[in-house]
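Work out the full structure: start from the sequences and follow the hints.
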Amino acid sequence: MKYKVKESSKKLPDRRTFIQTLGSSCVLLLVPKFLFARENKKGAAWTYSNGYAPSEHYYGMGIDISKCIGCGRCANACKLENDVPREPFFFRTWVERYRIFEDGEVAIDSPNGAADGFKPGSAPEKNLVRNFFVPKICNQCDKPPCVQVCPVGATFKTPDGVVLVDSQYCIGCRYCIQACPYGARYLHPEKRVADKCTFCYHRIVKEKLPACVEVCPTQARIFGELEKKASPLVRFMRMNKISVLKPSLNTEPKVYYANFDMEVR
Amino acid sequence: MPILKEVSGYIYPNEIELHWGILIVVYPYLTGLVAGAFILASLVKIFNVREVQATYRMALLTALAFLIVSPLPLLTHLGHPEKSFEIFLTPNTKSAMAMFGFVYAWYLMAVLLLEIWFDYRRDIILWEKKESGIKKWFHKLITLFSSDASEQSLTFDRKAIKLITIIGIPSAFLLHGYVGFIFGSIKANPWWSSVLMPIVFLFSAIVSGIALVLLIYMVVTPMRGKEIDMACLNKLASYLFYVMIIDFSLEALDFIHRIYESEESIHILSELVMGKLFVSLIVIQLLIGMIVPLLAIAGVKLFKAPDELRKQVYFLSALLVQVGIFSTRWNVVIGGQLFSKSFSGLTAYKMTFLGLEGLLMSLFLLLLPFIILYVLFRVLPPWEEMREAQ
Chain U
1 MKYKVKESSK KLPDRRTFIQ TLGSSCVLLL VPKFLFAREN KKGAAWTYSN
51 GYAPSEHYYG MGIDISKCIG CGRCANACKL ENDVPREPFF FRTWVERYRI
101 FEDGEVAIDS PNGAADGFKP GSAPEKNLVR NFFVPKICNQ CDKPPCVQVC
151 PVGATFKTPD GVVLVDSQYC IGCRYCIQAC PYGARYLHPE KRVADKCTFC
201 YHRIVKEKLP ACVEVCPTQA RIFGELEKKA SPLVRFMRMN KISVLKPSLN
251 TEPKVYYANF DMEVR
Chain S
1 MPILKEVSGY IYPNEIELHW GILIVVYPYL TGLVAGAFIL ASLVKIFNVR
51 EVQATYRMAL LTALAFLIVS PLPLLTHLGH PEKSFEIFLT PNTKSAMAMF
101 GFVYAWYLMA VLLLEIWFDY RRDIILWEKK ESGIKKWFHK LITLFSSDAS
151 EQSLTFDRKA IKLITIIGIP SAFLLHGYVG FIFGSIKANP WWSSVLMPIV
201 FLFSAIVSGI ALVLLIYMVV TPMRGKEIDM ACLNKLASYL FYVMIIDFSL
251 EALDFIHRIY ESEESIHILS ELVMGKLFVS LIVIQLLIGM IVPLLAIAGV
301 KLFKAPDELR KQVYFLSALL VQVGIFSTRW NVVIGGQLFS KSFSGLTAYK
351 MTFLGLEGLL MSLFLLLLPF IILYVLFRVL PPWEEMREAQ
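Residue numbers (the working numbering), protein chains in the order written: chain U, 1 to 265; chain S, 1 to 390.
Derived from the structure by calculation, the hints contain no laboratory data.
Fair warning: this is a prediction, and the values are worked out from it, not measured in the lab.
A couple of the hints might just be wrong.
[What the hints assert, rightly or not] The list that follows gives simulated cross-link-like pairs (lysine-lysine, DSS-like), each with its CA atoms no further than 27 Å apart: (1) 79/U to 67/U; (2) 119/U to 235/S; (3) 191/U to 94/S; (4) 276/S to 246/U; (5) 246/U to 94/S; (6) 5/S to 276/S; (7) 33/U to 94/S; (8) 159/S to 94/S; (9) 246/U to 79/U; (10) 191/U to 350/S; (11) 83/S to 157/U; (12) 229/U to 67/U; (13) 241/U to 206/U; (14) 246/U to 187/S; (15) 187/S to 143/U; (16) 94/S to 79/U; (17) 143/U to 94/S; (18) 143/U to 228/U; (19) 187/S to 304/S; (20) 83/S to 191/U; (21) 83/S to 33/U; (22) 157/U to 119/U; (23) 228/U to 246/U; (24) 241/U to 228/U; (25) 159/S to 157/U; (26) 276/S to 350/S; (27) 157/U to 94/S; (28) 187/S to 235/S.
If you want it as structure tokens, here you go:
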């Protein structure tokens, strides 16, 4: 019986041919990679036509909570500048109001992301101990969970440290929105792709300030270089006690808050 | 905005609408059934359990029918389904989701289709010889024009099936453990972020898969005018019972662990569980979907109930288990998005009826595997009496 099996196995290809065929099939599997090869966005040392070289910059933002008056001009300017849908629930940046009462109760609100400003709260104001405003924005994390989870690599980090979404590439799976601990992302209702703050990338490559920074009447927002000692942002960080949001998640945010309160979340 | 009335506490402004709706509930439910049905089939093959032999092929075909449908809810949910092929062409290797296509393809091509093919090969060759017309050609096509039914080739088939089953079990674990990983690896969400998530997903998958095969067996057998084999049914119910015990323990462990650790999210999560998820989690998932069927199956076994009563109890229990597992998926997917990542507010889920991501579409996707299964039963009858005598 054993002998019989051996005999018939001659009909099958020998081991060498089998391995050769297997090898060439595996090589064939790689063909799409070359056929559909795309430009590698990461780490490229490109410069823009105006001479701006992303690799020479590294950006962050400082926010001084004690300076914010909650006027919401930043939220409005952002919507105008970046074609963010006007209807509620879509924000690249917004402002939160924190009211801390005598009994320790914390009331947080952000009606329409503060785009219409704040109205006096209905709670009896006499018990109010502290009242402050916290502007929120994409934290442009150094270890962005959104970039990690994107299945097609549509969201990526530029050499100047800004996290962007390639809307041509985004398939709209919303995994990045789930992965963002800061609620900074939303699904653009018309484009059906993920969208978020870009630090106004189209402006900063022309060496202009982001729209929200430019309109802020109290200079509560400071945009600039993180790795250049002479930059106002570095000075701001040196002169103030700095905090970031949700540090335990190890996302390493690059939006730095001064005069931060433990109630902020 | 009417939804604002349902919002309590403070939630980030971008969080008012849920991003993953009912389709993403359907997706892990369907994949769970695939993995569960396959693992049941593997138990039959590897441990050679005679009693449940009758459900072996049925379980394989069930797994296939549900596997065919399982990527569809993902596809319909995408904002740009036409770009979905990018996942295959330029996957981000760091993304768990990018691996879906590869895990899926591996499972479909290297496990399920191969195993079914090897298992049916001899029978199809013999059927095709007696048939004529389209059916003959169709069967010829699916044997890939092999007509070797010699003893030697059959020995090879048997060996191949054994090997595929051995590779298949970890693959089935991978398939559903992977789905659990998609959720379990999101550190931003304390309801999801847990190492136990893939394991809980896996065992609930096995529970749902066994219950489904039991249901299909109990419905199809009388429809074919045959007697239900009580030995087989008892064995299936026992499997279901044991796996449910494991699943229950794991879920309890996860629950106790969360309470004991009491991380900063504990307040909002307990508010969620006692509020918006109370009915779907405590009442449906735990009580109706888990404790009632467990007690019922234990009851009929303990008190040696007559066959007729057993059948009814098994059938109802398996149905309740399906409801329970579906609500498990619901509570994970929807529950995980009802609270804000600010941990200080809750939102609500408004399901649409029509539309690509609505209820009707989900019902269609839940029904579709049964239509496919009907066709598969026609083309590849899994019934014992259709096995050609050796």
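Verification of the supplied hints:
Among the hinted pairs, residue 79/U with residue 67/U is consistent with the structure: their alpha-carbon atoms are about 22 Å apart, no more than 27 Å. Distance restraint check for residue 119/U and residue 235/S: the Cα-Cα separation of roughly 67 Å exceeds the 27 Å cut-off, and the hinted pair is therefore not satisfied. Restraint check: the Cα-Cα separation between residue 191/U and residue 94/S comes to about 25 Å, which is no more than 27 Å; the hinted pair holds. The suggested pairing of residue 276/S with residue 246/U holds, with an alpha-carbon distance near 26 Å, which does not exceed 27 Å.
Between residue 246/U and residue 94/S the alpha-carbon distance is near 23 Å, which keeps this suggested pair within the 27 Å criterion. Among the hinted pairs, residue 5/S with residue 276/S is consistent with the structure: their alpha-carbon atoms are about 14 Å apart, no more than 27 Å. At most 27 Å may separate the alpha-carbon atoms for a hinted pair to count; residue 33/U and residue 94/S meet this at roughly 17 Å. Only pairs whose Cα atoms come within 27 Å are accepted, and residue 159/S paired with residue 94/S is rejected, the gap being roughly 37 Å.
For the hint pairing residue 246/U with residue 79/U, the CA-to-CA distance comes to about 26 Å; that is within 27 Å, so the pair holds. Taking the CA atoms of residue 191/U and residue 350/S, the gap is about 21 Å. The hint holds against a cut of 27 Å. For a cut-off of 27 Å, the pair hint linking residue 83/S to residue 157/U stands: about 21 Å separates their Cα positions. For a cut-off of 27 Å, the pair hint linking residue 229/U to residue 67/U stands: about 23 Å separates their Cα positions.
Under the criterion of a C-alpha separation no larger than 27 Å, the hint pairing residue 241/U with residue 206/U is inconsistent with the structure, at around 31 Å. The straight-line distance between the Cα atoms of residue 246/U and residue 187/S is roughly 11 Å, inside the 27 Å bound, and the hint therefore holds. For the suggested pair residue 187/S and residue 143/U, the alpha carbons sit about 13 Å apart, so the restraint of at most 27 Å is met. A C-alpha spacing of about 32 Å is found between residue 94/S and residue 79/U, which places the hinted pair above 27 Å, so the restraint is violated.
With a C-alpha separation of about 13 Å, the suggested pair residue 143/U and residue 94/S falls inside the 27 Å cut-off, and the hint holds. Taking the CA atoms of residue 143/U and residue 228/U, the gap is about 21 Å. The hint holds against a cut of 27 Å. The straight-line distance between the Cα atoms of residue 187/S and residue 304/S is roughly 48 Å, outside the 27 Å bound, and the hint therefore fails. In summary, the hint linking residue 83/S to residue 191/U is supported, as the alpha carbons are separated by about 13 Å, within the 27 Å threshold.
Taking the CA atoms of residue 83/S and residue 33/U, the gap is near 16 Å; set against the 27 Å cutoff, the hint holds. Between the alpha carbons of residue 157/U and residue 119/U the distance comes to roughly 38 Å, so the proposed pair goes past 27 Å and is violated. In summary, the hint linking residue 228/U to residue 246/U is supported, as the alpha carbons are separated by about 26 Å, within the 27 Å threshold. Restraint check for residue 241/U and residue 228/U: satisfied, since their Cα atoms lie roughly 19 Å apart, inside the 27 Å limit.
Our distance criterion of 27 Å between C-alpha atoms is broken by residue 159/S and residue 157/U, whose separation comes to about 50 Å. Distance restraint check for residue 276/S and residue 350/S: the Cα-Cα separation of roughly 13 Å lies within the 27 Å cut-off, and the hinted pair is therefore satisfied. Between residue 157/U and residue 94/S the CA atoms are separated by roughly 14 Å; this keeps the pair inside 27 Å, and the hint holds. A distance of roughly 40 Å separates the Cα atoms of residue 187/S and residue 235/S; the hinted pair therefore is violated under the 27 Å criterion.
Hints 2, 8, 13, 16, 19, 22, 25, 28 from the earlier list are contradicted by this structure; the remaining hints agree with it.
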